[in-house]
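Position chains B and C relative to chain A; hints supplied.
Residue numbers (numbering that gives the first Met the number 0), protein chains in the order written: chain A, 0 to 390; chain B, 0 to 251; chain C, 0 to 114.
Because the hints were derived from the structure by calculation, they are not lab data. Accuracy of the hints is not assured; some may be wrong.
Unchecked claim - BS3-like, lysine-lysine: derived pairs with alpha carbons at most 25 Å apart: (1) LYS208(B) - LYS159(B); (2) LYS21(B) - LYS180(B); (3) LYS100(C) - LYS159(B); (4) LYS153(A) - LYS44(C); (5) LYS208(B) - LYS21(B); (6) LYS265(A) - LYS360(A); (7) LYS162(B) - LYS100(C); (8) LYS268(A) - LYS41(C); (9) LYS41(C) - LYS265(A); (10) LYS8(C) - LYS41(C); (11) LYS100(C) - LYS265(A); (12) LYS230(A) - LYS265(A).
The lines below spell out each chain.
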Amino acid sequence: MRDVYVAGIGITTFTRLEYPLSEIASYASMMALKDAGVTEVDQLYVANMGAPRVNHQTALASAVADSLSLLPAGAAAIENGPASGAAAIKAGFQAVASGMDDVVLVAGVERMREVNNLEATDFVATLTHPLTEYIYGVTLPAHAAMFTRLYMEKYGVTERHLAMVGVKNQNAALNNEWAHLQQEISMEGILDSPEAMTNNPYVAEPLRFFDACPVSDGGAAIILVSEEKAKELGRPMIRLSGIGQATDTHAVFEREEPTDLLAVRKAAKDAFEMSGLTPEDIDVAELHDAFTILEIAESEEVGFFPKGEGHTALEKGETALGGKIPINVGGGLKGRGHPVGATGVAQAWEIVTQLRGDGGKRQVEGAKTGLSLNFGGFGNNVVCLTYVRED
Amino acid sequence: MSVDLEKILRPVESPMKPYEPKYMMLASGEAVVVRQVFRDEIPDLLKAVEPLLHVERDYYDVVAARVYAELLGYYQYRFQDQYVLALQVDGELAAIVNGRQVTPTLGLSLHTLALRRGLRIGAHGFAAKMEYHIDTLGHNEVLVVAESPIGFRRWMIEYKLEKRFHIPHELGGVPSWALTKELFDRARSKLVVGRRPVPPDLLDKAMDKILPPSDPPTPPLDPLAATRALYDPTATALVTQRWEMEKGAQNA
Amino acid sequence: MAREIYAYKCRLCGTMHYPFRMVCKGCKQNDFFEFDTVPLPKSGKLLTFTRVYNLPAQYEVATLGLGIVELENGMRMLGQLEIDEPTIGMAVKGSVEVVRKETYDDYYGMVFTAA
Numbered sequence: 000m001r002d003v004y005v006a007g008i009g010i011t012t013f014t015r016l017e018y019p020l021s022e023i024a025s026y027a028s029m030m031a032l033k034d035a036g037v038t039e040v041d042q043l044y045v046a047n048m049g050a051p052r053v054n055h056q057t058a059l060a061s062a063v064a065d066s067l068s069l070l071p072a073g074a075a076a077i078e079n080g081p082a083s084g085a086a087a088i089k090a091g092f093q094a095v096a097s098g099m100d101d102v103v104l105v106a107g108v109e110r111m112r113e114v115n116n117l118e119a120t121d122f123v124a125t126l127t128h129p130l131t132e133y134i135y136g137v138t139l140p141a142h143a144a145m146f147t148r149l150y151m152e153k154y155g156v157t158e159r160h161l162a163m164v165g166v167k168n169q170n171a172a173l174n175n176e177w178a179h180l181q182q183e184i185s186m187e188g189i190l191d192s193p194e195a196m197t198n199n200p201y202v203a204e205p206l207r208f209f210d211a212c213p214v215s216d217g218g219a220a221i222i223l224v225s226e227e228k229a230k231e232l233g234r235p236m237i238r239l240s241g242i243g244q245a246t247d248t249h250a251v252f253e254r255e256e257p258t259d260l261l262a263v264r265k266a267a268k269d270a271f272e273m274s275g276l277t278p279e280d281i282d283v284a285e286l287h288d289a290f291t292i293l294e295i296a297e298s299e300e301v302g303f304f305p306k307g308e309g310h311t312a313l314e315k316g317e318t319a320l321g322g323k324i325p326i327n328v329g330g331g332l333k334g335r336g337h338p339v340g341a342t343g344v345a346q347a348w349e350i351v352t353q354l355r356g357d358g359g360k361r362q363v364e365g366a367k368t369g370l371s372l373n374f375g376g377f378g379n380n381v382v383c384l385t386y387v388r389e390d
Numbered sequence: 000m001s002v003d004l005e006k007i008l009r010p011v012e013s014p015m016k017p018y019e020p021k022y023m024m025l026a027s028g029e030a031v032v033v034r035q036v037f038r039d040e041i042p043d044l045l046k047a048v049e050p051l052l053h054v055e056r057d058y059y060d061v062v063a064a065r066v067y068a069e070l071l072g073y074y075q076y077r078f079q080d081q082y083v084l085a086l087q088v089d090g091e092l093a094a095i096v097n098g099r100q101v102t103p104t105l106g107l108s109l110h111t112l113a114l115r116r117g118l119r120i121g122a123h124g125f126a127a128k129m130e131y132h133i134d135t136l137g138h139n140e141v142l143v144v145a146e147s148p149i150g151f152r153r154w155m156i157e158y159k160l161e162k163r164f165h166i167p168h169e170l171g172g173v174p175s176w177a178l179t180k181e182l183f184d185r186a187r188s189k190l191v192v193g194r195r196p197v198p199p200d201l202l203d204k205a206m207d208k209i210l211p212p213s214d215p216p217t218p219p220l221d222p223l224a225a226t227r228a229l230y231d232p233t234a235t236a237l238v239t240q241r242w243e244m245e246k247g248a249q250n251a
Numbered sequence: 000m001a002r003e004i005y006a007y008k009c010r011l012c013g014t015m016h017y018p019f020r021m022v023c024k025g026c027k028q029n030d031f032f033e034f035d036t037v038p039l040p041k042s043g044k045l046l047t048f049t050r051v052y053n054l055p056a057q058y059e060v061a062t063l064g065l066g067i068v069e070l071e072n073g074m075r076m077l078g079q080l081e082i083d084e085p086t087i088g089m090a091v092k093g094s095v096e097v098v099r100k101e102t103y104d105d106y107y108g109m110v111f112t113a114a
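Chain A extracted, bound-state conformation:
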């Protein structure tokens, strides 16, 4: 298997974007192509979850290939729920590692704000089990809320811990000019003042408004290349060193221990094994904080902290910029936004930015290794990636 490097990265502002879907993907891709210094690719993968349903568009990859004048490169769209982005990166990795392709463009894109908030919530809810979950009106916030309640009961996580994650990530987004939320929030405003419960109402008890990521439009792209090509291009050598992917039961209630996220555990374990790294080696991480509880739970399942201690590490500031393992320094999904198909690629964009030392105000000093975790479904399809900077 050949080594695979990230030679270029690109992103659009995450916000409401009134552009055709393929154009959003193309904007991000153009930046990535320019960043890498390539004009031709062998293959492109476009990660997207909702184009047929939300944007009334199919065969997105063909549209993007043509829009970028990359013809006659191979092109395919990859739909894997909210883990589409990292799944597309995995496909790109396989294409280069196998020796079949030398340059692969992986773009992720979503335009969810074309429909109203309720429709967007319903669209994401279609990933739940149709006959035993979806029909009851289950949404992703509902799943996360039931999971949170168990976590609170079992490990002593409180609404304060959740709010701490929210404040940390939303305020981190102020250091990321591409992030959706550019509004500072405070513990007092969302938790402690007499007005806090009106400012921060329940979305699904016990989860509140500021515990959930916003609905965003946006695109992100990376260029994956072989070692030879990477050296030729001369960009910083960021190697995609490990990939793990795992699945779990479709219906969430079937899981033996409902507070476990076994697919996260397995995906991270496989990625660490492949890369020869351990959780202690990671300098900067992007976790899938679609809901604040997920950052806490994933930080444990990935192996940064023992099970049940993620929230105490959070209290000590270990997950903040400057802490032991800075998590979501660019805002995470909570602050950057969560255009579902784009998120996995946007996480890679953030890690590569960090490993190149281009993080500006949010730079993790001397970051050499990174990890990103893209969480699909409610933990039923998870992809974990690790990255290493080689000098």
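Showing chains B and C alone in chain A's frame:
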């Protein structure tokens, strides 16, 4: 014989008890003051509303156009019994809400225009004006319509408004909804917040001058707007420039 | 006759499934339909729960109670809750009722109340 036409054109204003200012904390930790704005300060509001006419998203254009007309109508004595409340953060205008008294027992809500987003300022403003109608003016119910889906979700669903579809609302003649005193009392504990009296320093700052918002809603963003490259929508010039600089540094 | 929700029991190894699967998760041998249907029990205890405020558009109610219930036979299922103040571990009983309406279709599911 001369007729003072202006006397005929000007509506006779009904006495309306003024709104007692209050303040509350926002999610950001900032304090927002809600207070009534009278005729002499309307030009300050108009200046802030005018740019929103050109924000063609989230119904800012249509709402701003109508609010502008209402405020101007109030300012030039062409509006019957209108009141205007302003929400200010550190003096800066964060939202405008207005409405009018139809009869001593019936109120009518006109607009809620939030100039800062993501902090439920619009929701606080709407709650404040319902409070003014029901608690201060003693109206039995308030007629409401929504022009945007955001408004519809907030008011119709959060307050569970009753239908008054036989009454065309003054805003566009569309069927009305109503917030009754009973519905308001039910929503009160969850949706209506605020503390009184407003500390003098906060109130003075708000009363001193309505400052324009420093970060008002803007027309739809370009995907790469964060690069701040006005005439370079793809940001290629900016990125290329960076590479040139990097190359230059290497060659030097 | 009261409506039922069915679990699927593998004829080869006896493993119970809910939801339905094409291949048995126990013996992985079931390569064509070899399941017996067994009605799910209707009482159990509440494992976790929530009240949802942002519902998909077709719901006419403002909020919806949802919970995961561990049934008498140890299997679990998700259902709607009609319980004012649920607590973890409380005993609940269910009945099969309409849980979602779409334009021309009614969907049936379990609705739990306090036992």
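Going down the list of hints, with the structure as the test:
Our distance criterion of 25 Å between C-alpha atoms is broken by LYS208(B) and LYS159(B), whose separation comes to about 36 Å. Between LYS21(B) and LYS180(B) the CA atoms are separated by roughly 20 Å; this keeps the pair inside 25 Å, and the hint holds. About 21 Å separates the Cα atoms of LYS100(C) and LYS159(B), which keeps this hinted pair within 25 Å; it holds. For the hint pairing LYS153(A) with LYS44(C), the CA-to-CA distance comes to about 17 Å; that is within 25 Å, so the pair holds.
At most 25 Å may separate the alpha-carbon atoms for a hinted pair to count; LYS208(B) and LYS21(B) meet this at roughly 17 Å. Pair hint LYS265(A) plus LYS360(A) does not hold up; C-alpha atoms about 33 Å apart against a cutoff of 25 Å. Distance check on the hinted pair: LYS162(B) and LYS100(C) sit about 23 Å apart at the alpha-carbon level, within 25 Å; holds. Restraint check for LYS268(A) and LYS41(C): not satisfied, since their Cα atoms lie roughly 39 Å apart, outside the 25 Å limit.
A C-alpha spacing of about 35 Å is found between LYS41(C) and LYS265(A), which places the hinted pair above 25 Å, so the restraint is violated. Restraint check for LYS8(C) and LYS41(C): satisfied, since their Cα atoms lie roughly 17 Å apart, inside the 25 Å limit. Distance restraint check for LYS100(C) and LYS265(A): the Cα-Cα separation of roughly 38 Å exceeds the 25 Å cut-off, and the hinted pair is therefore not satisfied. Proposed proximity of LYS230(A) and LYS265(A) is contradicted: the alpha carbons are some 33 Å apart, above 25 Å.
This entry does not satisfy hints 1, 6, 8, 9, 11 and 12, going by the numbered hints stated previously.
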